[in-house]
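Given next are the chains, with one letter for each unit.
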Amino acid sequence: MTFDALTGVLVVPAAAAALLAALPGYRLTARLNVAATTLTLLCALSLFFKRPHAGAYLLADDLNSTFIVLTAFVGFTTSVFSLSYIGHELETGRLTPPFVRFYHAMYQVLMFAMNLALVANNIGLMWVAIELATLTTVLMVGIYRTHEALEAAWKYFILGSVGIALALFGTILVYMAARPVVGEGLNAMVWTLLVTRARDFDPALLNLAFVFLLLGYGTKVGLAPLHAWLPDAHAEGPTPISAVLSGLLLNVALYALLRFKMLLAANPGALAPGPLMVALGLLSLVFAAFMLYRRRDIKRMFAYSSIEHMGIITFAFGMGGPLANFAGLLHMTMHSLTKSAIFFAVGHVAQVKNTQRIADMGGLTETHPVLGWGLVLGVVAIAGLPPLGIFMSEFLVVSSTFARAPLLAMVLVFGLLIGLAGLFLRLNSIAFGEPRGPAGKTQASYVPMFAHLALVLIAGIYMPPALVAWFYNVAGLLG
Amino acid sequence: MPAQIGTQWLSIVPIAASRSSYDGLLVFLFMVISGTLAAFAIHRLASDRLRRAPAWDCGYPDASPATQYTAMSFAQPMRRVFGTVVFHAREHGEMPPPGDTRPAQLEVELSDPIWDLLYAPLVTGVGFAADHLNRLQFLTIRQFLSLVFGALVILLLVLAVWS
Amino acid sequence: MSRLDFDIAHFLAGLLVLISFVELYQDRLYALLNIYALHALTLAASVAWQAFIQDAPHLYVTAAIALLFKAIVIPVSLHRIIVRLGIHREIEKVVSVGGTMLAGMGLVALSMVVMLRVTHGADPLAREDLAFALSVVLLGLLIMVTRRNAVGQVVGFMSLENGLVLAATGAKGMPLVVEISVAFSILIAFIVIGIFLFRIRERFDTVDIRALDRFRGERR
Amino acid sequence: MVVIRDFAIQGAQMLLVLSLAPLFTGFVRKVKARLLRRQGPPLIQPYLDLVRLTRKEVVLADTASWLFRIIPYLVFAATWVAASLVPTFRTGLLFSWSADLIAIIALLGSGRFFLALAGLDVGTSFGGIGSSREMMITSLAEPAMIMIVFTLALIAGSTQLSTVAEFMASPQVGLRVSLGLALVGLIMVAIAENGRVPIDNPATHLELTMVHEAMVLEYSGRHLALLELSASLKLILYVSLLACLFAPWGIEAAGALAPTLAIGVAAYVGKLAVGGFLLALFETSIAKMRVFRVPEFLGVALMLGLLATLLRFVSGSF
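Residue numbers (numbering that gives the first Met the number 0), protein chains in the order written: chain D, 0 to 478; chain H, 0 to 162; chain S, 0 to 219; chain X, 0 to 317.
Hints may be right or wrong, so weigh each one.
[Said to hold, decoys possible] If you only want the chain H side, here are some residues facing chain D, beta carbon under 10 Å, derived:
#: 1; residue: 47
#: 2; residue: 128
#: 3; residue: 129
#: 4; residue: 136
#: 5; residue: 142
#: 6; residue: 150
#: 7; residue: 151
[To be verified] Derived pair list, reagent style DMTMM-like, types lysine to aspartate or glutamate, alpha-carbon separation capped at 20 Å:
#: 8; chain 1: S; residue 1: 171; chain 2: S; residue 2: 54
#: 9; chain 1: S; residue 1: 92; chain 2: S; residue 2: 26
#: 10; chain 1: D; residue 1: 49; chain 2: D; residue 2: 60
#: 11; chain 1: S; residue 1: 171; chain 2: D; residue 2: 199
#: 12; chain 1: S; residue 1: 171; chain 2: S; residue 2: 6
#: 13; chain 1: D; residue 1: 49; chain 2: D; residue 2: 3
#: 14; chain 1: S; residue 1: 171; chain 2: D; residue 2: 183
#: 15; chain 1: X; residue 1: 287; chain 2: X; residue 2: 212
#: 16; chain 1: X; residue 1: 55; chain 2: H; residue 2: 106
The hints are simulated quantities; they were obtained by calculation from the structure and are not laboratory data. Here a beta-carbon is modelled for each residue, glycine too, at the ideal position from N, C-alpha and C.
Input sequences plus hints: build the corresponding full structure.
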């Protein structure tokens, strides 16, 4: 196989993982980690210019190129962030050098797994990749080895495994549906073949498959009744992992769901996947919005905010149609950037305050102005206030829904407002008021956080026409 | 929004440009230009001298805390105007009889209908829902699994009934 | 495909469901592990039979994996873990036995209804197989839900995976990739569980996850 | 070429309004003085005042913040932009589409908001009194204004001032009851917004009755000059608004050429003269109200606006 961009985004992280597992020394490995993600990002960007043809295993089209570039970008910035974050953790002794080595290797394995899930043209391969990503993150969540971290990892592991088992069952069912039409063997798992022939599949079997896939991958997305692992995994793991979980892994799982949704949409007899996704999305949104009110742990609160936003995105994709899909894609991109920026901020906040309890923080904008205002800006963005990017995408979701299903739109707006109020209630006590808690020094790198926020701000004010055209194109693909 | 497509950036045209339109950016630019123009002209052509002095306050420069303008004082004209109609203002004046050294008291009771009828129920409702849903944070792993299990069974039942 | 081939496959798959029921009923840890071994054994037989009638030699590998890992290695090592950690040998159940069994019956009925209604076009073997596999998956989930003990839950999860393997082998011509990955996932799953049990042992004196449940991040 | 001409006309409009504003204020004062049989200050006195004030140094209170210093520029900019968007001698100006009547009201409203902030900024009680009274008046005047705008928009089918003015100039309008009510309402709002006599006296510095002057009490020098100029601009804005809405005769249509331009300007100046005279006459023949009578006055304006809208709805033709 000749070397192209697709193999690049896979080989680079895999090789880096092997290298990082072998090399000692924090400074060198942390920089190598950044270098590897930079290289991956470059490979991903080259997908815009030259794209290899789809094979039986790998595929690059407009849809997954968007996801790959987003993944590579956030992966890159997070590696820059983890440079300073992990340094601090080493200093305070929360992590020991062997664990740091393990952490870096696992980080690259995670990147590899996510990229593999995105480029996979084979639904079996995609499943394997998502499973690998899950296992990697389980290990990373438990890395601090505190009671809480172990419990969170255990919970994540059990719930994630059940989810992944359900997803496998769904995959098998899709194969069963495809076999009479496409023929036995490998071909019946190749997504590009499946989608062209999906018209002739047994619709009832596809329906059943989708139920399992929705629950299986929906667990990874963090949709409401299946969400339980998410808040704890976010709260107890290292913050860079929280950022990657929220910003990327949830997206990757959603991407898998979207692929199967397209399959169902191509079959006229199958039940429309939309209503199920709409229902789960709305449930997640409203549920998470209410959960924001009683949170005492800052990372757990933003984890719930992630559930809320994944609900919105799932809702938008469930509504379907070019406009709603466009809004969903935009919202997903904006949410990835914003939420990872927030976690960058929260990571440093937790380090300077030496706690994650909201009650022990306060007056952050006074004691650490840059960090505090960065966090405020991030929360303003995530709450969906203008002029930042999430406002635009939420506005699009709401307005396109009002035109088609006003009743659903009412519920949507209700959830959004409840969530907004909840976020600001907490933000108020974190960022403003009398300074509380210890005011440690920061040795933070603010560049990743403000880079993300700047992108979100620019996207909110001005979207380049080329980007809009690109997203519209992808939204059209989603049907 | 049919007229919105094809208009310039940040311009808002709900129906047609001849009926109503608004371009926030242009107005903002206008304001910035005219403001800086004025500032520039005055500073250049006239004086830009400045002197700090105590506040004049119509000749009462020694501000005492008692005359501090508070939020309550700011709202006073409003309360005066809308008091009886909207706020159901009730005044209780208490004038001690002559010879009594107690200070006179004046109490004003106001009720804010917007708060009482709109926000207060909302706040209680949200608090109630948040408290009750919050229990879902503290379930055991087994109970969370039961949730997943329940969702699966319900969806399968839906499928069995539907198709 | 002859009538006999079909009957044997049917019998093995049905047996798997039956053993799942026994697992559901069982409330002693060692017995549960033994029954799980039986479950895996039946699975291996079923997979081997499928390999034979489908003339798909690669499925023998899957059967071997099921036999070696699931029927022998895993039960034995779990046995050891129980001994070493001194876990209570009785499993606390959440729901009464009768209730669990009733729920199990309902689940099997549900999976039959859903599955048999679905695949009119597919060949009967695959169809029955899938229906049984779905039952096993659902029963495995039910076992997980009704046990308080970590080992019990792990066993539930593994019988769930057995159901998956049954489904995968029933799907004729499914590429080997998937079987290996399933076996692989079980392996990894076990390793990780082992690490966790070890760590949990390190921190707590019991694998009973009620001890874990005390730390739900945000204490009440 | 056309663009350059349009730019020139837009610029001319802005400069015209700016340069006429103090003159108009001076004119009103002069007429008032003559009506009271006084000699009165010369017509150009406001210009002289402005020049004098800008030459003086600013005395800034110790407690004043940076906001206090930029507010005069903000207020001036908002008022000037608003005034330049109102058609005076010609409709369909280059930038007229960038803001409609509602936006103009919003511009004036934001200017007033900042002025009220400035009143509170120094922390003296007189500034506070002025601000709170101004806000009280505004809370009544703005709804009235919006109701009047609704009426006009419903009749003309547009909130775009140029379109409305052209519609009013066209023969299809005729006399309408709702228009009459709107006219009276708008005049009342204009009096309140500009702090003219029955509401506020622009000439007084009697502490307990003043509103606008109390807010700007701490200002001096160039800041005060800007605020005075803004006040004049606002006055001329309202007169122009009344003129272009209810007396749109002679106003040059968007596509017309140079000859009618002169007519337009002459008509505009004439209308200003008449407006100023009427204003002075009105002010000399009435006494200032107590502050808490103001709501009743404005309540009438609000009611008129409401009535006009209702009438417009009830019967399409009236």
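Inset, instruction - Quick one: which hint numbers does this structure break? Sort them smallest to largest. - result: 1, 16
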